[in-house]
Amino acid sequence: MDYTDQGNKKIKNQGNNQSQSMQVSKGSSFMDNVGTNSKLGLLGRKRMSKEVEEISRFNPVLNSPKEKSVKLQFNPLIGIQKFIKSPTNKEQPADNLLDDIKLVESEYDFQIPKQSKRPSSQQSNNSMKFASHIAKRQQVIELSCDDLLADQLPDNFDIDQVQKKKDDYCSLCTKALGFLKKPRHNCYNCGACVCDKCSNQKIQLSKRDPTKYRVCNYCYTIKTNRQIILFYKEMDNAKKQSIQDLQNRKLMYKEMLLNDEKEIRNLKRALEEQEIEQQDQLEKLADQLNNLNNELKRNKDQNRQWEAMLGEEEQNAGKKQQEITTLEQTKRELEKELLRVETKIKQITEEVNQFVYQLMKLDKSQKVQDQPKEIQRITFKYQDEKNNKERENKTKLKQQFLTQQVNPIIEVSAEQDNTYLDSIDARRNNSQNFEQIRNKDRKKK
Numbered sequence: 000m001d002y003t004d005q006g007n008k009k010i011k012n013q014g015n016n017q018s019q020s021m022q023v024s025k026g027s028s029f030m031d032n033v034g035t036n037s038k039l040g041l042l043g044r045k046r047m048s049k050e051v052e053e054i055s056r057f058n059p060v061l062n063s064p065k066e067k068s069v070k071l072q073f074n075p076l077i078g079i080q081k082f083i084k085s086p087t088n089k090e091q092p093a094d095n096l097l098d099d100i101k102l103v104e105s106e107y108d109f110q111i112p113k114q115s116k117r118p119s120s121q122q123s124n125n126s127m128k129f130a131s132h133i134a135k136r137q138q139v140i141e142l143s144c145d146d147l148l149a150d151q152l153p154d155n156f157d158i159d160q161v162q163k164k165k166d167d168y169c170s171l172c173t174k175a176l177g178f179l180k181k182p183r184h185n186c187y188n189c190g191a192c193v194c195d196k197c198s199n200q201k202i203q204l205s206k207r208d209p210t211k212y213r214v215c216n217y218c219y220t221i222k223t224n225r226q227i228i229l230f231y232k233e234m235d236n237a238k239k240q241s242i243q244d245l246q247n248r249k250l251m252y253k254e255m256l257l258n259d260e261k262e263i264r265n266l267k268r269a270l271e272e273q274e275i276e277q278q279d280q281l282e283k284l285a286d287q288l289n290n291l292n293n294e295l296k297r298n299k300d301q302n303r304q305w306e307a308m309l310g311e312e313e314q315n316a317g318k319k320q321q322e323i324t325t326l327e328q329t330k331r332e333l334e335k336e337l338l339r340v341e342t343k344i345k346q347i348t349e350e351v352n353q354f355v356y357q358l359m360k361l362d363k364s365q366k367v368q369d370q371p372k373e374i375q376r377i378t379f380k381y382q383d384e385k386n387n388k389e390r391e392n393k394t395k396l397k398q399q400f401l402t403q404q405v406n407p408i409i410e411v412s413a414e415q416d417n418t419y420l421d422s423i424d425a426r427r428n429n430s431q432n433f434e435q436i437r438n439k440d441r442k443k444k
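Position one of the sequence shown corresponds to residue 0 (numbering that gives the first Met the number 0), numbered consecutively onward.
FYI, nobody ran anything at the bench for these hints, they're computed from the structure.
For glycine and all other residues, C-beta sits at the position ideal for the given N, C-alpha and C.
Every clue listed holds true.
Taking lysine to aspartate or glutamate pairs in the DMTMM-like style, the calculated list, with each CA pair at most 25 Å apart, reads:
(1) 345 / 389
(2) 206 / 157
(3) 249 / 259
(4) 267 / 279
Just the calculated beta-carbon pair ranges, DEER-fashion:
(5) 292 / 271: 23 to 33 Å
(6) 153 / 195: 21 to 31 Å
(7) 413 / 338: 53 to 63 Å
(8) 405 / 385: 29 to 39 Å
(9) 410 / 338: 50 to 60 Å
(10) 297 / 335: 45 to 55 Å
(11) 308 / 340: 42 to 52 Å
(12) 393 / 346: 28 to 38 Å
(13) 347 / 310: 56 to 66 Å
(14) 335 / 295: 49 to 59 Å
(15) 286 / 260: 30 to 40 Å
Turn these sequences into a full structure, and let the hints steer you where they fit.
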């Protein structure tokens, strides 16, 4: 009988005795579980070629020349069992405990075989060292669920957010579920549909909530097996460190290249700017020279034109002055004649007005309307002027009469006011003198 069958029988006999604590067999690391020769993974599905290559890259134990072939078997309740195939095609369990303990206590001095033909980098060296470190830490440990989950539990875990599946078959043992068959349960951690046997265990899911909830065997083994969790953590840390190192180096190289490129660009820009400035200065100087030459040509042409114009103007200046003098004389003569004519017109108009007025006096019997229009106009003007003069004389006479009557009254009132003011001043002076005399008498007494 093979050792695999013996291991399966042991698992069935143990039952629920290992619900509170779990034994991890010697050499049962996560790296051994994920061997290249095992056909099934953790979930029971077939492995792909890519997964086998990626796993063998980080496991130096599987690639060692001493062990020709390895067969692994995983059980979520017991752990992982490793069997080594000897050259005689017989399977033997790895029970040499003393040798394994020596490996754990010894330092990491052995050389790691090369995993690929490409040149070694810092990332590959770190990953190989990490894999060898995990392989040497294999030892038998009895683990308690409460002790393991103390550091791993989150502060809060919402059960209602877990999506509960409704299947007719168990997701682990693939047995039919229903009312008359096996009862249906849901894992409170992942929400998978599981039977009674595949969900015997209960675990505390958060630090604040002390109650324990039903969980499938797969989630139970992952949460309680510290070795798996440590492996994941260390793998993540190693990957992060290697990625950070590579990123830092890339950033350094990029910064160096960028600095060099920036310096070169700055130099090129400075040279280009200097060339542009020099070209601009040369263009400005050329424009200034062209402007000066054009101005000189224009000045020469203008001087020639001015000289020609001055000669013609000097000749015409004498003629213009003679014309101006003659025009001034004619203007003076015309002004004198205008004055003479205006005086004559005034005299004639006055004579005509007087003559017409006399005629009107002689012909009183004749009405004004029967006279011609020109005579009517003259008579009316003459009458208006006469009436205005009479009114002015009357107003002047009235003003003279009023001033003659009002002036004596004003003089009398002014005299009265002066006398009244003099009397008030005299009274004030008398009162002051009287008070002074009284004060002197008091002092004497």
